[in-house]
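Undergrad: Chain by chain, the residues:
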Amino acid sequence: MRQRGFEQQHREQWERMGQLLDDLDRSSRRRQHSAAELDALPGLYREVCNHYAIARSRHYSPALEQQLHELVLRGHRQLYSGRTAELWRLVQFIAYGFPCALRRQIRYFWLAAALLLLPGLLLGGFCYLQPDVIYSVMDEDQVATMESMYDPANRKPGRSLERTAETDLMMFGHYISNNIGIGFRTFAGGILFGLGTVLLLLFNGVVLGAVAGHLTRIGYQETFWSFVSGHGAFELTAIVICGASGLIIGHALIAPGRLPRLAALKQRARVALPLVMGAAFMLLIAAFVEAFWSSSSLSAPIKYAVAGLFWMLVLLYLGLAGRKRHGTG
Amino acid sequence: MLDTIRSYETPEGVALSLRLAGPVVRSCAWAIDMLIRAGLYLAIAIPFSFLGGLGFGLSLVLFFLIEWFYPVLFEMRQGATPGKKAMGLEVIQDNGTPVSWSASLIRNLLRAADFLPFLYAAGLVSMLLNRNFQRLGDLAAGTLVVYRSRVVERPALPDVPPVHPPMQFVSEEKRSLLEFAERAPQLTQARRIELAEILTDLTNQRGEAAVHELLAYAGWLAQGQGR
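Going down the list, the sequences are from chains A and B. For the first sequence, the positions run 1 to 329 when full-length UniProt numbering is used. For the second sequence, the positions run 1 to 227 when full-length UniProt numbering is used.
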């Protein structure tokens with residue numbers, strides 16, 4: 001068949017498909033075609049695919065080929081987009097998707113926990129026993145700021161100035177942007193063959209351990225531990241989970257197994273993503289607790305009791321949620 | 001590296017082609033986005049600064065959201081951030097489908113690693129070492145940044161009475177003739193004639209007449225004798 005005859009025969013279909021695609025690019029409110037018309041798209045798309053293949057094999061003019069290519073490309077995008085964004089999926093994810101995903105990768109979790117806690121305990125012990133060790137981790141100004149933050153003479157722990165509800169909110173914003181950012185960076189560091197993640201975990205462990213050890217040594221333990229124990233349940237666990245997600249992609253790059261390195265990276269990044277997202281959710285809770293609960297001036301025993309409750313909650317959630325119904329242990 | 005067109009096959013067995021975007025055009029897109037984000041930061045910071053600590057806290061939350069999720073939001077809504085859109089780019093999966101939630105999140109979270117040690121140096125090195133110009137985030141997410149395909153008006157073939165060509169053409173030759181006919185209106189007269197005179201042995205014509213003769217052959221190839 002000659003090109004012109006071919007065009008005349010099918011032009012109507014091409015125009016119809018173009019219109020449907022234009023319509024689908026609009027927001028759903030402004031769409032002009034009925035659902036029934038839009039349902040015709042897959043069939044139309046396959047026909048146009050066929051026309052495109054014919055035009056190519058018969059060497060019709062390049063411009064015609066390009067026009068059909070354009071239609072096929074747009075149709076392909078519409079039909080094969082893998083997007084589903086429903087609120088319900090978010091609820092499911094928090095209810096059991098995240099803890100299940102974490103339990104499947106639990107080895108990375110323990111490794112990340114070791115990378116954070118071991119240097120923390122080690123430095124914490126040193127700083128507790130030796131007065132000067134803290135200065136090898138921080139400079140004098142930082143030590144002074146930190147000491148004034150947890151001075152028992154403050155009315156509220158966590159900041160040297162007296163805090164009001166307004167500064168609680170300010171600190172909430174600060175904790176969100178700072179802590180979740182650190183979590184995301186811990187994940188991102190994994191792509192440098194895991195090195196970034198490992199360094200961030202070690203660094204955070206060293207600083208946290210040193211601060212804890214030093215403050216305990218100088219007798220600020222009650223303000224410090226009652227402040228951090230509550231949100232620590234969410235924050236420390238979440239940082240470890242972010243570390244685990246970074247280690248997952250780092251491991252894929254170092255030891256891709258039977259896959260090409262790139263394919264392994266893509267596959268494992270997809271496995272790691274739910275962990276980061278879940279950890280971000282936990283860090284959000286942590287920021288909330290840290291800003292509005294940890295800074296409150298309630299007595300230490302109450303705070304310790306609530307902290308214990310938080311730790312139990314986190315352990316039960318991560319350890320048990322979704323275990324029975326979804327069979328992933 | 002010189003050829004930036006990649007093709008992939010759809011489930012229908014049709015090969016589609018994509019034009020990859022390189023580091024320069026992507027840097028421009030990033031710069032535009034940076035300006036937009038700086039504008040947003042200012043627009044948030046100035047009114048909120050009157051609210052004291054509360055405003056400061058809220059603006060920190062908003063800054064955080066913009067810093068990490070501005071690209072994700074736009075990539076989900078329209079396949080590209082405003083900067084990329086302005087440069088005519090879009091983000092897609094490496095199988096040609098629109099970028100998914102998870103891929104967009106991965107590629108934008110890993111931005112932090114691409115930024116290292118300063119100003120996206122790691123991302124640039126990765127792009128230059130990779131045949132698809134992917135930065136680290138793209139590699140992990142399996143995404144590509146490509147030129148958005150433009151809707152082109154197809155030029156009509158010139159209206160010339162068809163003439164039977166004096167010989168049989170092979171497919172490639174037919175195609176070249178058709179392409180010549182389609183592009184002829186865009187060429188200068190001198191260039192048209194220059195091209196057409198390459199086939200003087202075939203047409204026995206010179207000047208504008210040679211062009212006319214070739215257009216007539218193309219007309220015949222496209223539609224045969226009848227109108």
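Keep in mind that a hint or two might mislead.
[Stated by the list, open to error] Label pairs and their calculated CB-CB ranges: (1) M312(A) with R19(B): 53 to 63 Å; (2) E12(A) with A43(B): 42 to 52 Å; (3) I46(B) with K324(A): 45 to 55 Å; (4) R19(B) with L195(A): 32 to 42 Å; (5) R258(A) with F169(B): 23 to 33 Å; (6) F69(B) with G257(A): 52 to 62 Å; (7) F69(B) with P131(A): 21 to 31 Å; (8) P301(A) with Q78(B): 20 to 30 Å; (9) T200(B) with R46(A): 19 to 29 Å; (10) T200(B) with E12(A): 33 to 43 Å.
[Unchecked claim] Example chain B residues on the side facing chain A (calculated, C-beta under 10 Å, incomplete): (11) L40; (12) A43; (13) A218; (14) A222.
I should point out that these hints are in silico values taken from the structure, not numbers from a laboratory. Where is the CB? At the ideal position from N, CA and C, for every residue including glycine.
Undergrad: Range hint 19 to 29 Å: satisfied by the CB atoms of T200(B) and R46(A)?
TA: violated (46 Å)
Undergrad: Would you say the C-beta atoms of R19(B) and L195(A) sit inside 32 to 42 Å of each other?
TA: Since the Cβ atoms of R19(B) and L195(A) sit about 35 Å apart, the hinted range of 32 to 42 Å holds.
Undergrad: Does A218(B) hold up as a contact with chain A if the rule is Cβ-Cβ below 10 Å?
TA: The hint holds - A218(B) has a Cβ within 10 Å of chain A, the shortest such distance being about 8 Å.
Undergrad: Just tell me: holds or violated, for the beta carbon distance of P301(A) and Q78(B) against 20 to 30 Å?
TA: Violated, since P301(A) and Q78(B) (Cβ atoms, about 54 Å apart) do not stay within the stated range.
Undergrad: Quick check: does the Cβ-Cβ distance between R258(A) and F169(B) fall within 23 to 33 Å?
TA: This hint is violated: roughly 51 Å between Cβ atoms.
Undergrad: Under the criterion of a CB-CB separation shorter than 10 Å, is L40(B) in contact with chain A as hinted?
TA: Violated, because the Cβ-Cβ distance from L40(B) to chain A comes to roughly 15 Å (cut-off 10 Å).
Undergrad: Would the hint on A222(B) be counted as holding, given a Cβ-Cβ threshold of 10 Å to chain A?
TA: holds (4 Å)
Undergrad: Quick check on A43(B) please, does its C-beta sit within 10 Å of some C-beta on chain A?
TA: Violated - the Cβ of A43(B) stays beyond 10 Å from chain A, reaching only about 17 Å at its closest.
Undergrad: Starting from the range 33 to 43 Å, see whether the pair T200(B) and E12(A) falls in it by beta-carbon distance.
TA: Check passed, 41 Å falls within 33 to 43 Å.
Undergrad: Can you tell me whether the CB distance of E12(A) to A43(B) sits inside 42 to 52 Å?
TA: At 49 Å between Cβs, range holds.
Undergrad: Given the hint of 53 to 63 Å, check if M312(A) and R19(B) actually sit that far apart at their C-beta atoms.
TA: holds (56 Å)
Undergrad: Falls inside 21 to 31 Å, the C-beta gap from F69(B) to P131(A)?
TA: Given a distance of about 45 Å, which is not inside 21 to 31 Å, the answer is violated.
Hint compliance for this structure: hints 5, 6, 7, 8, 9, 11 and 12 are not met, and every other hint is.
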